[in-house]
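Colleague: Sequences are here, hints too, so could you generate the full structure?
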Amino acid sequence: ATIPAASNSASLRYFTKAINEVSKSEEHKEAVDPKVLAEKRQQRLARNRESARQSRRRKKEHLSNLAAKVRRLQRQLETEV
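In terms of our numbering, the sequence shown opens at residue 1397 and continues consecutively.
To be clear, the hints were calculated from the coordinates, so they are not data collected in a lab. Hints should not be assumed to be uniformly reliable.
Unchecked claim - Here are the computed distance ranges between Cβ atoms for each label pair:
hint, residue 1, residue 2, range
1, Arg-1471, Arg-1445, 37 to 47 Å
2, Ala-1406, Arg-1437, 16 to 26 Å
3, Gln-1439, Thr-1475, 51 to 61 Å
4, Asn-1416, Glu-1457, 30 to 40 Å
5, Gln-1450, Val-1428, 47 to 57 Å
6, Lys-1413, Ser-1451, 56 to 66 Å
7, Ala-1406, Leu-1462, 48 to 58 Å
8, Ser-1451, Tyr-1410, 18 to 28 Å
9, Ile-1415, Leu-1469, 50 to 60 Å
10, Arg-1453, Ile-1415, 31 to 41 Å
11, Thr-1412, Leu-1441, 53 to 63 Å
12, Asn-1404, Ala-1448, 51 to 61 Å
13, Gln-1450, Asp-1429, 24 to 34 Å
To be verified - Capping the alpha-carbon separation at 25 Å, the derived lysine to any residue pairs in SDA-like fashion look like this:
hint, residue 1, residue 2
14, Lys-1465, Arg-1452
15, Lys-1465, Glu-1476
16, Lys-1456, Lys-1431
17, Lys-1465, Glu-1446
18, Lys-1456, Arg-1467
Predicted, not measured: the structure shown is a model, and the values here were computed from it. All residues carry an ideal CB built from backbone N, CA and C; glycine is no exception.
Modeller: Quick look at the structure:
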């Protein structure tokens, strides 16, 4: 049976997390300060927001360039006919 992509992705994430936990040696496991975790999460979310913003800007620019190309090619076809 095939696992749906979303389910597969979630499973892979949990599997990777489990592998990372197992691979850590006991001496490297430290008590992690919840404040530090919260700060890191906020930083990660901020980076992700900025990345998404840039991605949307690039997509908008690309679509604008494609629309301009379509208009140019349509004009070119009209003048050739």
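Colleague: With reference to the structure, classify each hint as holding or not holding.
Modeller: Here's how the hints hold up against the structure:
For Arg-1471 paired with Arg-1445, a C-beta distance near 39 Å keeps the hint of 37 to 47 Å intact. For Ala-1406 and Arg-1437, the Cβ-Cβ distance of about 19 Å falls inside the hinted range of 16 to 26 Å, so the restraint holds. Checked against the given bound of 51 to 61 Å, the beta carbons of Gln-1439 and Thr-1475, roughly 54 Å apart, stay inside it. A beta carbon spacing of about 37 Å between Asn-1416 and Glu-1457 agrees with the range 30 to 40 Å that was offered as a hint.
Judged by the Cβ atoms, the range 47 to 57 Å given for Gln-1450 and Val-1428 is violated: they are separated by roughly 30 Å. In this structure, Lys-1413 and Ser-1451 break the distance hint of 56 to 66 Å, their C-beta atoms being roughly 26 Å apart. Our hint of 48 to 58 Å for Ala-1406 and Leu-1462 is violated, since their Cβ atoms are close to 34 Å apart. At about 26 Å, the CB distance of Ser-1451 to Tyr-1410 agrees with the hint of 18 to 28 Å.
In this structure, Ile-1415 and Leu-1469 meet the distance hint of 50 to 60 Å, their C-beta atoms being roughly 51 Å apart. In this structure, Arg-1453 and Ile-1415 meet the distance hint of 31 to 41 Å, their C-beta atoms being roughly 36 Å apart. A hinted range of 53 to 63 Å is violated for the C-beta pair Thr-1412 and Leu-1441, which are about 20 Å apart. Taking the beta carbon of each, Asn-1404 and Ala-1448 are about 23 Å apart, not inside 51 to 61 Å as hinted.
In this structure the hint that Gln-1450 and Asp-1429 lie 24 to 34 Å apart at CB holds, the actual value being about 31 Å. The straight-line distance between the Cα atoms of Lys-1465 and Arg-1452 is roughly 20 Å, inside the 25 Å bound, and the hint therefore holds. This hinted pair checks out: Lys-1465 and Glu-1476 have alpha carbons roughly 16 Å apart, not beyond 25 Å. A distance of roughly 37 Å separates the Cα atoms of Lys-1456 and Lys-1431; the hinted pair therefore is violated under the 25 Å criterion.
For the hint pairing Lys-1465 with Glu-1446, the CA-to-CA distance comes to about 29 Å; that exceeds 25 Å, so the pair is violated. Restraint check for Lys-1456 and Arg-1467: satisfied, since their Cα atoms lie roughly 17 Å apart, inside the 25 Å limit.
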